[in-house]
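Trainee: Quick mapping for you: the protein sequence lines, in order, are chains A and B.
Per this note's numbering, the first sequence starts with residue 23, numbered consecutively.
Per this note's numbering, the second sequence starts with residue 5, numbered consecutively.
Simulated from the structure, these hints should not be mistaken for lab results.
Keep in mind it's a predicted model, so treat the numbers as computed, not measured.
Among the hints, a few may not be true.
To be verified - Below, in silico cross-link-like pairs of lysine to any residue (SDA-like), each with a Cα-Cα straight-line distance of 20 Å or less:
#1 Lys85/A x Pro28/B
#2 Lys52/A x Glu9/B
#3 Lys213/A x Arg135/A
#4 Lys210/A x Glu9/B
#5 Lys210/A x Arg12/B
#6 Lys33/B x Arg135/A
#7 Lys205/A x Met5/B
#8 Lys43/B x Ile48/A
#9 Lys40/A x Val42/B
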Amino acid sequence: MEPPIEPGDAEVITAVLKGNPAGFEILVRKYSPRVFATARRYARRESEVEDIVQEVWLKSFQKLGTFRGDAPFEHWLMRLAVRTCYDFLRAHQRNRETTFTELSDPEDDWLERVAANPAEAPDNADAARQLIERILEQLSPAARMVITLLEIEERSVREIAELTGWSVPLVKVRAFRARAEMKKQLAKLAKNKYL
Amino acid sequence: MNLTELHRKLIAAARATPPNDQVPYAFEKRIMACLEGVKPLDPMGLWSRALGFSAIFCVAVMVVMAVGVRWLPTPVPDSLSQDVEQTLFAAVDNNVDQ
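Isolated chain B, as found in the complex (with noise of 0.2 Å):
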């Protein structure tokens, strides 16, 4: 069998015959209820409620940083700077103390 053929014939058939188009019985009616209560979509409003959260959200998390710095225990601010202060005059401390 001819498959080129058989192709060309197939798909003429399928053109031949567009689709029905008729809509059945009052289907707005039917579509209509189906939007009672639907609202369409603001992307704007969609775009501002992101922004809004994530404000919230940032908001937040300088809250719980400022927390955690006012309750949270902090090391010694300046033991860092006296134990390199004693490592290095170590040698001249003990010369002194003899």
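Only chain A is shown next, with the shape it has when bound in the complex (with noise of 0.2 Å):
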């Protein structure tokens, strides 16, 4: 049976519970990577998720005496950094008022291709990411972390449950909103195209 935290880990906290801070550093270095991983997803400018990583780590720091061991640090991590996303984004959902007629290029040739035959519009190009991009920018907070992480990262409800802190019933509900919010935006990118 896998140990529920890995030794490495526990090692560490107890080491800066204990009142060695400098210990602090091993996990800043191994798990990183993957806060950086999660907080580009909802920020766009570099200096942004610089902001939004340092702010996890100072937090888990903090509250680094309520970590009860009894799941990977790992997780308890992810959750942290995902409800500082989801304070991030709600702190700057004022920014997000921006209108689809400011489409480049590439961005207008993908879309006409994906009008005239979807089958034969890439679905790796650019133009394509950098249009969802655009529309995750448009919803709301509550319903981009959830399209980003039900749909982008395909996570099941209970997951999206833990790492929120939402009920399950609360999920499903603005699940239901934000794709009905999603498609809202794509008619009015289709209308804004073809009017």
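Hints are included, so try docking the two chains, each in its own frame, into the full complex.
Mentor: Okay, here's the thing in structure tokens:
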């Protein structure tokens, strides 16, 4: 049977709690790539990403005493990271007022290809990635969080509930609303393109 | 335009490119510099501090009430019983006087 936490992490956490903060650097070095990848899903500018990750580590250091060790440290840290990203989205939601009139030429071309023959438009095109980024920026914080976790990262409802701290029924309600919001944005995009 | 297909293709595009997990150079040093002087919160310490504050508050309320009882003027303790007694026996007293 797999132990609940890696011995290395447990030892480091115990040492930090006993007054040796230098050991915390091991955890920062080990888990920062995952925290950065999570933060980059929600913030575009690199300075914002670094601020989010710094806040995650500061919070995790301050709350380290509440880590009980009945789940891996990484899970505990990722919950903290997702909640910090959600706080970031809520704090910056006023900045999401952009329109679809400013589409670049590759984005326009890709949309035309999807409209003409969806099978021919490539899934991994840069234009498609930029478009989905634009659409996600238009969504409310909760909708963006749910679409990212449920549809892009393909996590289960229960996993999302654990990560966000929301109840399972609340995740389902927010997923329903998020899909409706996404559909509305897609309709706006299509209307903008063909009117 | 088929919106369902557009949705599917955009989500597929997002799945196809997981975000970069690169960490800036010496980022851990920056975090450790930020943590200087910060201490991890001890939940038991917070709990015991809260209990200590509530005990001090209880003692303060007790002292205020004790001072109040000792120094504030209090009504004459027997006045109510004497009033009741006088009212009850008023008729009898009048008859005795006559």
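Trainee: When the hints from earlier in the document are held up against this structure, which numbers fail?
Mentor: 1, 2, 6
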